[in-house]
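Engineer: Got chain A; can you put chain B on it based on the hints?
What follows is each chain in one-letter form.
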Amino acid sequence: MLCDLNILFPVTEFNEKISINQLNELKNTINVAEQLGYTHIALNFRPNLTNSNSNSNSNNNNNKFKISNDLNKINPININKDFKEYLNRIKIFSRITIKIDDPSQCQNISKFQQIFDIVSIEPINEKSFQSAISNLEIDLISFNLQERLPCYMKHKTLCSAIEKGIFFEFKYTDFLNNKNRAQVISNIKQIVRASRNRGMIISSGCNSNKPYQLRNFNNVIPILKMINIDSNRCNMMFKDWSLKVLLNGRLRCKSYKQTILISGDDNLIDNKLENNNWNYENLENINNIKQSLNSYKKRKSDTSLNRILKKQK
Amino acid sequence: MVRLKSRYILFQLRYPQPDDTLTNGLPNDIPTESTSTLNARILVSTLRLSMTKNFGDEALADTLTSFVIKYFSNKTSTGIIKVHRDALEKVLGAMFFVQTLEGRDVIWESVGISGSISKCERRAISRNKMMIRKIKKGNYDADDDNKNIDELLRSFNERIDGEDNDNETL
Chain A
220 MLCDLNILFP VTEFNEKISI NQLNELKNTI NVAEQLGYTH IALNFRPNLT
270 NSNSNSNSNN NNNKFKISND LNKINPININ KDFKEYLNRI KIFSRITIKI
320 DDPSQCQNIS KFQQIFDIVS IEPINEKSFQ SAISNLEIDL ISFNLQERLP
370 CYMKHKTLCS AIEKGIFFEF KYTDFLNNKN RAQVISNIKQ IVRASRNRGM
420 IISSGCNSNK PYQLRNFNNV IPILKMINID SNRCNMMFKD WSLKVLLNGR
470 LRCKSYKQTI LISGDDNLID NKLENNNWNY ENLENINNIK QSLNSYKKRK
520 SDTSLNRILK KQK
Chain B
1173 MVRLKSRYIL FQLRYPQPDD TLTNGLPNDI PTESTSTLNA RILVSTLRLS
1223 MTKNFGDEAL ADTLTSFVIK YFSNKTSTGI IKVHRDALEK VLGAMFFVQT
1273 LEGRDVIWES VGISGSISKC ERRAISRNKM MIRKIKKGNY DADDDNKNID
1323 ELLRSFNERI DGEDNDNETL
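Chains A and B, in that order, give the protein sequences. Residues in the first sequence are numbered consecutively from 220, following the numbering used here. Residues in the second sequence are numbered consecutively from 1173, following the numbering used here.
Same shape as in the complex, but just chain A:
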């Protein structure tokens, strides 16, 4: 069970479709990952939400409005349609990474939770970092490690995040770039120190047109050991902890207040109920079950008793 939770999805806009060339490149990358022994892969969708020089809030508001139009149109990753052939070979999940520089942008995140398997955040400044940890229901926090971290990493903040079940992500492709490598190592060391060697995962962060940047698990571990992470934890970063992130993300759809659904024969319900195979052309007819969540949650009927119960909450 080896996980790689960050293979970049080539599309950067919400309404954009993936072109055939891009899809082939991506499949090539997934094949390489499969050869290297990975079993779980998450395709990372990084939308261009924030303009780096956006002082104008109106611009952001426009963007927000665009997203909120239609739930079905948000996710460009259609796993059942585009990646059919991997069904029994490798498990593919979808992930979204949002850059945040202003905590007020975070209203959309509850929507993303219903649609993507993993929701992660890249805070740009300290304020957004704090609010991401305290207020938001997310699975992963990743930083741009090639630049200085937005703030000093404190034990208290990071440990409260880890207690909530939020993990921190490193990308090993950062090591392969020659520039700013010292900064990357120093940043990772800071996070390792502040998190007390817990709650970190490692992923490739590999671009889909650069499959040669993927590496084998055996070769990444010595690099991590160089940064004073012991070998057991290196293993956990690839296996247990990454799986925990996935599990957290999936349970967000499939559980409610620490209750999970089981099928009649006492087994966990697997993902077959979900209809991931939506089609952009005839969206009106096809209702995506995973998105509407009808298969998991049941709405209470509008009787007087239920109304009172709701009020009590």
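Derived from the structure by calculation, the hints contain no laboratory data. A couple of the hints might just be wrong.
[What the hints assert, rightly or not] Simulated DEER-style distance windows between Cβ atoms:
id : chain 1 : residue 1 : chain 2 : residue 2 : range
1  : A       : Asn426    : B       : Thr1207   : 22 to 30 Å
2  : B       : Asp1258   : A       : Thr258    : 26 to 34 Å
3  : B       : Asp1229   : A       : Asn428    : 29 to 37 Å
4  : A       : Lys398    : B       : Asp1229   : 21 to 29 Å
5  : B       : Asn1211   : A       : Glu356    : 54 to 62 Å
6  : A       : Glu356    : B       : Asn1246   : 26 to 34 Å
7  : A       : Gln402    : B       : Ala1212   : 35 to 43 Å
8  : A       : Lys398    : B       : Glu1274   : 19 to 27 Å
9  : B       : Thr1209   : A       : Asn397    : 56 to 64 Å
10 : A       : Arg367    : B       : Lys1306   : 31 to 39 Å
11 : B       : Lys1306   : A       : Asp459    : 22 to 30 Å
12 : B       : Val1240   : A       : Arg308    : 46 to 54 Å
13 : B       : Glu1205   : A       : Asn426    : 20 to 28 Å
Every residue, glycine too, gets a C-beta built ideally from N, C-alpha and C.
Structural biologist: Below, chain B alone, put in the same frame as chain A:
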């Protein structure tokens, strides 16, 4: 007087292919061939270069003695390298940093590490056998593909035989 301890690393070079080769329906973990000019000396010098660049002279010093490529096959791109035990981790790290070999993009993957060379050999052979089994199992309906598979199987068997012979001579 302490005995010289060494480790053997079984490695595999993978050249990620351009995506037009994807559609031929073959299982995709067939190792790609290296060019015929690639030899043990180039591999060793590449690794040493990566060692000095990333870990400095101290790490390079460990690889000056007992740093030998024991076996390398250009057909399957697998090989076995002998390193000093102290240098093992640094060598694995140096493999991580290698991105190009002879101008081609490469993934230098270490498959297994062992203290005796025979274990590495056995592992290489069993890997190849597994691969052949995978190819045989696959369902290929088109005639063209069948032809391809026959050719592939033949060449694979040759490779395996060749490897067995090589291993005996080691």
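Engineer: It remains to establish, for every hint, whether it holds in the given structure.
Structural biologist: Here's how the hints hold up against the structure:
1. A:Asn426 x B:Thr1207: 22 to 30 Å: At roughly 26 Å between Cβ atoms, Thr1207 (chain B) and Asn426 (chain A) fall inside 22 to 30 Å, so the hint holds.
2. B:Asp1258 x A:Thr258: 26 to 34 Å: At 33 Å between Cβs, range holds.
3. B:Asp1229 x A:Asn428: 29 to 37 Å: holds (36 Å)
4. A:Lys398 x B:Asp1229: 21 to 29 Å: holds (23 Å)
5. B:Asn1211 x A:Glu356: 54 to 62 Å: holds (56 Å)
6. A:Glu356 x B:Asn1246: 26 to 34 Å: Between Glu356 (chain A) and Asn1246 (chain B), where Cβ atoms are some 53 Å apart, the hint is violated.
7. A:Gln402 x B:Ala1212: 35 to 43 Å: holds (37 Å)
8. A:Lys398 x B:Glu1274: 19 to 27 Å: holds (25 Å)
9. B:Thr1209 x A:Asn397: 56 to 64 Å: Violated: the Cβ-Cβ distance is about 27 Å, outside 56 to 64 Å.
10. A:Arg367 x B:Lys1306: 31 to 39 Å: For Arg367 (chain A) and Lys1306 (chain B) the Cβ distance comes to about 47 Å; the hint is violated.
11. B:Lys1306 x A:Asp459: 22 to 30 Å: holds (28 Å)
12. B:Val1240 x A:Arg308: 46 to 54 Å: violated (37 Å)
13. B:Glu1205 x A:Asn426: 20 to 28 Å: At roughly 26 Å between Cβ atoms, Asn426 (chain A) and Glu1205 (chain B) fall inside 20 to 28 Å, so the hint holds.
Checked against the numbered hints given earlier, the structure breaks hints 6, 9, 10, 12 and satisfies all the rest.
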